[in-house]
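Undergrad: For reference, the chains in residue letters:
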Amino acid sequence: MLMQDVSSQPASSLPKDDDVGVMVRNVSKGFGPEGAKITVLDDVSFDIKKGEFVSVIGPSGCGKSTLLKLVAGLSKADAGQVEINGSPVKAAAEAKSIGLVPQSPALLPWRTVLDNVRLPLLINKGANKGRDLRDPEALLRSFGLGNAMHKFPGQLSGGMQQRVAIARAFVFDPAVMLMDEPFSALDEMNRDQQRMGLLEFWQSNRKSVMFVTHSVPEAIMLSDRIILMAAHPGRIAEIIPVDLPRPRQEAAYATDAFRDLEGYVRNSLKKVMREAHG
Amino acid sequence: MANTTPTDTKLDGSALRPLRDYKLVAMALSSLPTIVTFIAVAVLWQLVAYSNPYVIPTLDAIGNSLMSSPQMYWANLLVTAQEIAIGASMGIFAGFILAVIMCEFPLIERAVMPLMVVIMVTPVVAIAPALVVAFGFGMLPKYIVTGLVVFFPMLVNSLAGLKEADPRALDVLRTLHASRWEIFRDLRFPVSMPFFFAGLRIALPLSVVGAAVAEFVAAGQQAGLGSLLTIAAAQANLPVIWASIALLCLLGIVLIAALAIIRKRVLWWSDENAVGR
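Residue numbers (the UniProt record's numbering), protein chains in the order written: chain Z, 1 to 278; chain S, 1 to 277.
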C-alpha cells in the first residue's frame with residue numbers, strides 16, 4: 001500500500017507558496033575551467049516545507065554536499081535560484097536564518113560547551129533582534145548535556161560533541177537547519193542514540209531540515225520525504241515520501257511499513273547506481 | 001611527570017610516604033640523567049682546562065671573573081636584555097601583523113612574500129654593518145637587527161597558524177554571516193596561537209644571536225655582552241669571554257623557560273586537544 005504513494009514530482013508542478021522553507025529551482029553547478037567543466041548538479045529543483053524534514057541520499061559524487069553548500073549560501077550556483085523563507089540565500093544568511101551542523105562537530109576547543117553553544121548568539125548580533133533566542137543552558141539540559149556544560153569539548157565523547165554541535169545550530173532559532181552527515185563519524189550504537197535524540201528534539205521543535213546522509217534507515221526514520229539523487233551529473237532521481245506515522249519511536253524500525261519502504265529505497269538506490277556504472 | 005622512570009615503581013611499596021612525597025622523588029629521579037650529564041661535562045671541561053689553559057679557562061676562573069665585577073656584568077647584561085626585549089617585541093609584532101594582513105588579503109601575500117624570502121636569506125651578519133653605517137652606533141641598529149632575526153619565523157608561523165582554521169568551523173561561522181573581524185577574533189586568532197608560540201620558540205633564542213651580532217659589529221661604542229665579548233677577545237681575556245658567553249646563554253634559557261610557563265597557561269586547550277586527536 002505504501003508503494004502507491006511513491007512518486008517523483010516534476011519540478012514544474014512544485015508550488016510556490018508561503019509555507020515553503022527552502023526553495024531550490026533549476027539549480028546547476030559545475031567545477032573546473034571553462035571547456036573542461038564537470039557538471040556536479042544538473043537542473044535540481046525541490047522544496048522543503050516549513051517544519052518538514054527532508055533527507056538527501058545518493059551515491060558518492062551525486063553532489064549532495066555541494067547542494068547543501070548552495071543552500072547554506074557557502075557556495076554560489078551557476079544557474080537557478082535558492083530561496084529560504086522567500087528570500088535569497090544571501091539575505092537569509094545575513095538574517096541568521098540558517099543553522100549548519102557540519103560533518104564533524106567543529107567545536108572550539110578553547111571554549112566550554114556552554115560557550116560554544118553561546119557563540120552563535122554573540123556573532124552577527126544585529127540579526128538577533130526580534131527573534132526567539134533560546135537559553136543556551138536550558139537547551140543543553142534538554143539535550144542531556146546539563147552535566148557537560150562547563151566541560152571542554154576535548155573532555156566529551158564524539159557523540160556528545162556532535163550533540164553540542166546540534167545544540168549550537170538550534171540555539172539562535174534559525175528557520176532552516178542544514179545537516180551534512182552529522183552522525184557519519186560515530187559508531188553504530190552511538191549513531192542510533194544520537195539519531196533518536198535528534199528526532200525527539202525536532203518533533204517538539206519543528207524546523208525545516210535538510211539532512212544529508214548515507215544511511216537508508218536513518219533517512220527513513222527521520223524524514224517526511226527522501227530526495228534520492230543520481231550521480232554524473234548530480235540530479236534528483238526520485239522524491240520518496242515517507243508515510244510513517246509520527247511521533248516515531250525506535251520500535252518503528254521493526255514495522256512492516258518501515259521494512260517495505262527500506263526495501264524500496266534500497267532498490268531505487270541500486271537502480272541509480274547501476275545506471276551510473278553501466 | 002612524563003618522564004618517570006621504571007625505577008620509581010620501587011618506591012611505590014614503601015610505607016612512609018604520601019603521594020606528594022612520592023611525586024617529588026619521582027621528579028628528582030626523572031631529572032637525574034640531566035644532572036649527571038651536566039656534572040660529566042663540567043668534569044671533562046675542568047680536565048681540558050687545567051691541561052690547556054690557553055684554550056678554555058677553568059670554571060672557577062670564569063666564576064671568579066663574574067664574582068669580582070658583578071656590576072660590570074650586570075650593566076652589560078641589562079643592555080643586551082634591553083636590545084632583546086625591544087628588538088624582539090618589534091619583530092614579533094611586525095611578523096604577526098603582517099601575517100594577519102597576508103591572511104586576510106591573499107593578493108598582498110602573493111605580492112610581498114617573495115620579498116620577505118629575500119630578506120630572510122640575506123645574512124643578518126651582513127646587514128648589521130650596513131645598518132650601523134646608516135643609523136650610527138646607538139641602540140637603533142641593534143633593535144633592528146634583533147627584530148629582523150625574529151621577524152621571519154614569526155611571520156611564517158603566524159601565517160600558517162591563521163590559515164589552520166578548521167574549514168567546517170569556518171562554514172559554521174559563515175552561515176551565521178560572521179564578519180571578518182568576528183572570524184578572526186573567535187576562530188583564526190585562537191587557532192593561530194599554538195603556531196605563534198612554536199614561532200616564539202625558534203625566534204627567542206635567535207633574538208639573543210641577533211643582539212650579540214649587532215653588538216659585535218658596533219663594538220666599543222655601546223655596552224652589552226656582545227661588545228664585552230669582542231673587547232675581551234681582542235685582549236685574549238678568556239675568563240671574561242666565557243663569562244659573557246655564559247650570561248648570553250643564561251638569557252636564552254630564561255627566555256625559553258618564561259615562554260614555556262606562559263605557553264602552558266595560555267594554550268592548555270591545545271595540548272589537551274592534541275592528546276585526543
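For the record, the hints were derived by calculation from the structure and aren't laboratory data.
A couple of the hints might just be wrong.
Claimed, not checked - Covered stretches of chain Z (chain S as the covering partner; in silico rule of three or more C-beta atoms under 8 Å from a C-beta of chain S): (1) 97-105; (2) 109-120; (3) 182-195.
To be verified - With a cut-off of at most 30 Å between alpha-carbon atoms, the simulated DSBU-like pairs for lysine-lysine come out as follows: (4) Lys23(S) - Lys90(Z); (5) Lys151(Z) - Lys125(Z); (6) Lys37(Z) - Lys163(S).
For every residue, glycine included, the Cβ atom is placed at its ideal position computed from N, Cα and C.
Undergrad: Compare the structure with the hints numbered earlier in the document and write down the numbers of the violated ones, lowest to highest.
TA: 3 and 4
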